[in-house]
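Asker: Going by the working numbering, the letters in the sequence shown line up with residues 106 to 463, in that order.
Honestly, the hints are just simulated from the structure, not real lab data. Just to be clear, a hint being listed does not mean it is correct.
Claimed, not checked - Computed Cβ-Cβ distance ranges for the label pairs, DEER-style:
#	residue 1	residue 2	range
1	A445	G136	28 to 34 Å
2	A454	Q425	19 to 25 Å
3	S316	G136	19 to 25 Å
4	H108	R365	36 to 42 Å
As the list claims (entries may be wrong) - 25 Å max Cα-Cα, derived SDA-like pairs, lysine to any residue:
#	residue 1	residue 2
5	K284	P213
6	K284	P325
7	K257	L233
8	K257	A209
9	K257	H196
10	K284	H108
11	K284	P259
12	K257	A323
13	K257	P325
Keep in mind the model is a prediction, meaning the values are calculated, not measured. In this text, a Cβ means the ideal position worked out from N, Cα and C, and glycines have one as well.
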Amino acid sequence: MSHAVIAIEGARKRFGETIALDGVSLEIAEGEFFALLGPSGCGKTTLLRAIGGFAGLDQGRILLDGADLGRSRPYERPVNMMFQSYALFPHMRVRDNVAYGLRAERLPRDEIDARVDEVLGVVGLHDLADRRPGQLSGGQRQRVALARAIVKRPRVLLLDEPLAALDRQLRQEMQIELKRLQHEVGLTFVVVTHDQEEAMTMADRIAVMRSGRILQVATPRDLYRHPADRFVASFIGTMNILDGVATADGVRLDPVGEVRLEAFGAAPGAPLAVGIRPDDVILLDADAPPPPGTAFAFPAQVETTVFAGSQIHTLVRDTQGRAFAATAGAGGEQRREGSACVVALPLAALVALPEGSA
Numbered sequence: 106m107s108h109a110v111i112a113i114e115g116a117r118k119r120f121g122e123t124i125a126l127d128g129v130s131l132e133i134a135e136g137e138f139f140a141l142l143g144p145s146g147c148g149k150t151t152l153l154r155a156i157g158g159f160a161g162l163d164q165g166r167i168l169l170d171g172a173d174l175g176r177s178r179p180y181e182r183p184v185n186m187m188f189q190s191y192a193l194f195p196h197m198r199v200r201d202n203v204a205y206g207l208r209a210e211r212l213p214r215d216e217i218d219a220r221v222d223e224v225l226g227v228v229g230l231h232d233l234a235d236r237r238p239g240q241l242s243g244g245q246r247q248r249v250a251l252a253r254a255i256v257k258r259p260r261v262l263l264l265d266e267p268l269a270a271l272d273r274q275l276r277q278e279m280q281i282e283l284k285r286l287q288h289e290v291g292l293t294f295v296v297v298t299h300d301q302e303e304a305m306t307m308a309d310r311i312a313v314m315r316s317g318r319i320l321q322v323a324t325p326r327d328l329y330r331h332p333a334d335r336f337v338a339s340f341i342g343t344m345n346i347l348d349g350v351a352t353a354d355g356v357r358l359d360p361v362g363e364v365r366l367e368a369f370g371a372a373p374g375a376p377l378a379v380g381i382r383p384d385d386v387i388l389l390d391a392d393a394p395p396p397p398g399t400a401f402a403f404p405a406q407v408e409t410t411v412f413a414g415s416q417i418h419t420l421v422r423d424t425q426g427r428a429f430a431a432t433a434g435a436g437g438e439q440r441r442e443g444s445a446c447v448v449a450l451p452l453a454a455l456v457a458l459p460e461g462s463a
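All chains, please: the whole structure from these sequences, using the hints.
Answerer: This is how it looks when you write it as structure tokens:
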């Protein structure tokens, strides 16, 4: 990893009896788009606010470029925060909203004008510079807020659920736009979200949090393909999970059999689950042989099938009553509900899932 612009060491924070941060340690690299992801109450917003100076720590410290921020007030930190509520001044033009922070710093007018023009070009708002917020769409207002946050050239930009107020289609568009803008301006972005798709789309790396702790830090691909435990596997996308028992060589899944998998040090006889993503599950005709590389194959019946445009989602149930989700491309076969099939689970797609904090 390149230079760590932010380093968090043993951060602890308690609100009464509630532990918000429980010994969190983390490094965020220069120029990285980093996401703090987790369910409500996991501590992600508290951690973001601590970086910004809006929440103190009971223990631990936060370093920015190696300097301890413990005694720095929010306005003394080279960090800007963009909230879910854009808080634009309704009586000001777009240009004046963006320039507000620079004027508060009493920078020369020529420098203010040049920096505002530069950032309006980056976010694509030059043609709207003389409009007021009430004349803009939700996505345009979001860009104004972003421009105002980056025009001061902070070392780090903190984003607290920045897209939550937008409708689904605009939110998806702005995820791509934020990613593009972050690469263009080269700043370190740290975003808080509970939306897995949002984090997976935008972030270079993601920290999955639960109960004040970080469970795993990884790229979106590694989180999806190699989750650290059962909670992460279930929280990131959809995962079919089979309960089993660790053996000396892997995992035993009754009644389907035993498979050799890396068991993450689980002691023989300890509970250990195995997961597989729906897009890796293979559905075959009832009399078809399983393909090479199959770890397990067993009969099942199709319960529901849904055509969702680019994908076909199928839910099947085996003779033990266990449900399995399978996802295929739009060109795949849409099986008839109630029909018999065989579920094939490729060995290469199986992942052992310790209980962790689930």
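Asker: For each hint, tell me whether it holds in the structure or not.
Answerer: A quick look at each hint next to the structure:
no. : hint                      : in the structure
1   : A445 <-> G136: 28 to 34 Å : violated, 53 Å
2   : A454 <-> Q425: 19 to 25 Å : holds, 20 Å
3   : S316 <-> G136: 19 to 25 Å : violated, 30 Å
4   : H108 <-> R365: 36 to 42 Å : holds, 41 Å
5   : K284 <-> P213             : violated, 31 Å
6   : K284 <-> P325             : holds, 14 Å
7   : K257 <-> L233             : holds, 20 Å
8   : K257 <-> A209             : holds, 11 Å
9   : K257 <-> H196             : holds, 21 Å
10  : K284 <-> H108             : holds, 20 Å
11  : K284 <-> P259             : holds, 17 Å
12  : K257 <-> A323             : violated, 30 Å
13  : K257 <-> P325             : violated, 30 Å
The structure does not agree with the numbered hints 1, 3, 5, 12, 13 stated previously, though it agrees with the rest.
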